[in-house]
Amino acid sequence: MKDTLIIAGRAIKNRLFVGTGKFPRKSIVKDVLETIKADVVTVSLRRVDLDSQDENILEFVPKSSQLMVNTSGARTAEEAIRIARLSKACGGDGWIKIEVISDSKYLLPDNEETIKATEVLAKEGFKVFPYMTPDLYDAKRLVDAGAVAVMPLGSPIGSNRGIKTKELVQIIINEVKAPIIVDAGLGMPSEAAECMEMGCAAVLVNTAIATAKNQVLMAEGFSEAVKAGRKAFLAKGNQAEQIKAHASSPLTGFLHEK
Amino acid sequence: MSFLDFIKQYEGFDFKKSFDQVKENDIITALSGDNLNQSDFLALLSPKACAYLENIAQRAHQLTLNYFGRTIQLYTPIYLANYCESRCLYCGFQAGNEVKRTKMNFKQLEKEAKFLAEQGFKHVLILTGSSRKQTPVEYIRQCVEILKGYFSSIAIEIYALTESEYSQLIKAGVDGLTIYQEVYDREIYKKVHLSGPKSDHQFRLDAPERAASTNIRCVNIGALLGLGPWRSEVFFMGLHAKYLQDNYPQVEVSLSIPRLRPHKGKFEDVFPVTDQDIVQIVTALRVFLPRVGITLSTRENDVFRDNLLSLGITRLSAGSTTAVGGHTSEFDEANQFEIADTRNLAQIKQVLAEKDYQPVLKDWMHLS
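First to last, the protein sequences are chains A and B. Numbering-wise, the first sequence is residues 32 to 289 according to this note's numbering. Numbering-wise, the second sequence is residues 1360 to 1727 according to this note's numbering.
Heads up, incomplete: computed chain B residues facing chain A, CB under 8 Å, no partners named: (1) Tyr1426; (2) Gln1604; (3) Gln1609; (4) Ala1712; (5) Val1719.
In silico DSBU-like cross-links for lysine-lysine, where the CA-CA straight-line distance does not exceed 35 Å: (6) A:Lys57 with B:Lys1473; (7) A:Lys147 with B:Lys1507; (8) A:Lys61 with B:Lys1714; (9) A:Lys195 with A:Lys262.
Bear in mind the hints are in silico, worked out from the structure with no lab data behind them. For glycine and all other residues, C-beta sits at the position ideal for the given N, C-alpha and C.
All chains should be modelled from the sequences, with the hints used to inform the complete structure.
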């Protein structure tokens, strides 16, 4: 069955997006990405060291993967915009994950600043993927500002607690006309599958893979779970389709009986 | 509002009694929940918690993995000068000691910077003694301008500044401030800081807050372990970090746990801090403040440093020297204190790799 996600003109087969921080060795990042044939890979610009081949994380990202630079460390829209512009120097083609965090205690994204940065960067031609605290109105504002997808958190970064924001994310999936990618908080493959069953277009995972004892195996687990969840979503059909598909009306049919 | 108000609330407080009153159940509660409060932190620092050290360590390890992963940030210090106008009994560079005073000129600094950059360092911490006269803010600013060409992050560990002075240095390219209160107890502070600008307890205590309010990116604070009874000192240090997090959430707060090292001059009034105490300190801090970075300097020896790695440490210094211009051996002068871990960057990287940790040399960049 052909089921390809297309974002910003790029066909994406593997709906598991992978973050590259927190790994014990950069070489493992490469093993993980190659094993699961990762299509989309995020890299923090703050960690990119163009001066050193050994230290440069970009050397460990397969050329076939789509690089998504993230603005980790930005505390304001202005800083995120500057980081995005600097990212052009590392050869990215404009895919940028906006991450604006002005709260060092819980590491929650600042939606207001994220919207501002999205607006500016989308106008400059960046393909903007904003990381956000799930909120329907803000998700719509992000899409209006030019985001190509919206990335609500499942639970706070690094918490490995799964999709605690399920109800809010489901509403965003139902109402927002852009791919929804759950980013942050997923601790186990079953949680990634759950997101996909809900209708997420993709999920982004870093901590759970990077801190596993066997990172490659955990990445495979996530990759398979994402595929399984996607298949289940397609198999059940989405709610709107189900409503349209009810040809017979066992409960209200009497109204039409003569 | 100042953190001093918080310290004042605890003047006359019977820490010993409070620690003795901790029950085993308090420790178990502290280890089972999130968002720990002051009482939980106190329980983790209590003598009774020693019996639960492995449990606290396991929790600390897991929290560190979740929030920092298997990565350790590396940096190296650069001593710009050792002129000092303060008399602090525990320091080798204090004004009262007979040491040859010196300061790097810009040419020497450039040489030092080039050498360190070639080794692969991207983050540096620049230090001076407490002398506005010999190392004015303008001199430090010019040093920062030079270092900016070589490093992606520059932090300062200098005398306490005013808000506008911090602002000048941030504008020049400084993104981090390290400033240790040394000792939170005001009586002991007075006793060990005989004279000079550093003898002003409150001006120093409020320095991290002044820097935070000028929007510095990172603030690293600490107490010099050994100057006062460690349990109450670490309690204040942890609460100081939390105070900064609560009031300046945009600032990345981190902690250092320096332990008194042998140095020139005699200071024997030391409160003992054992290796086991350090383990309790690191792990209790981590469980109380899961997202705060913890720095371990080369004051500790290599074996101990390596063992502490997985307990909550997120940042290490490497290839350290505490002598002015010590990296390029231009000077053969006094050290502020003795270094216990003399390994260079390549050796530290090797050890981290063996322990399955990724050395992170670059974790920020200048945005302007």
